[in-house]
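Participant: Kindly produce the complete structure, drawing on both the sequences and the hints.
Take 1 as the starting number for the sequence shown in this note's numbering and just add one per residue.
A hint or two may mislead.
As the list claims (entries may be wrong) - With a straight-line Cα cutoff of 25 Å, these simulated DSS-like cross-link-like pairs (lysine-lysine) come out:
no. : residue 1 : residue 2
1   : Lys22     : Lys42
2   : Lys34     : Lys88
3   : Lys23     : Lys88
4   : Lys34     : Lys23
These aren't lab readings, by the way, just hints derived from the structure by calculation.
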Amino acid sequence: MTKITHLKVASGYRELSINDLKKYLRRVATDQIKVAYTGHAKQRMAERNITTSDINNVIQTGSPEHAPVFSSSHGTWECNIFGRSAGKQIRIGLALQLMEPDEKTYVLILTAIDLD
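Facilitator: If you want it as structure tokens, here you go:
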């Protein structure tokens, strides 16, 4: 298995864009990409009454705050996503682990915040 640090394109390699990120995150709904949660995220979700359904809704319909940034220390693409679920404005911090073969790709939820 190989971690993907840049996407291969005709002209060489480039970093992950917001649109690339959205394409990967939309695949969560079809179970092509799995979601995992850190202990910190689980704790914050419980404290803030944020459910896994809320997280999935934000992943599917939310907007990235900025283009994902590659963390060489973790080998992941990291960013914040803002969205609404069950009447709540939510921000989640996530890390996208891109792998070859693709079935090993996953989203790691780092934290979740109820902004209301």
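Participant: Determine for every hint whether it applies to the structure shown.
Facilitator: Status of the hints after comparison with the structure:
1. Taken as a hint, the lysine 22 and lysine 42 pair is honoured in the structure, with Cα atoms around 23 Å apart against an allowance of 25 Å.
2. In summary, the hint linking lysine 34 to lysine 88 is supported, as the alpha carbons are separated by about 24 Å, within the 25 Å threshold.
3. Only pairs whose Cα atoms come within 25 Å are accepted, and lysine 23 paired with lysine 88 is accepted, the gap being roughly 24 Å.
4. Under the criterion of a C-alpha separation no larger than 25 Å, the hint pairing lysine 34 with lysine 23 is consistent with the structure, at around 14 Å.
Against the hints set out earlier in the document, no violation occurs for any number.
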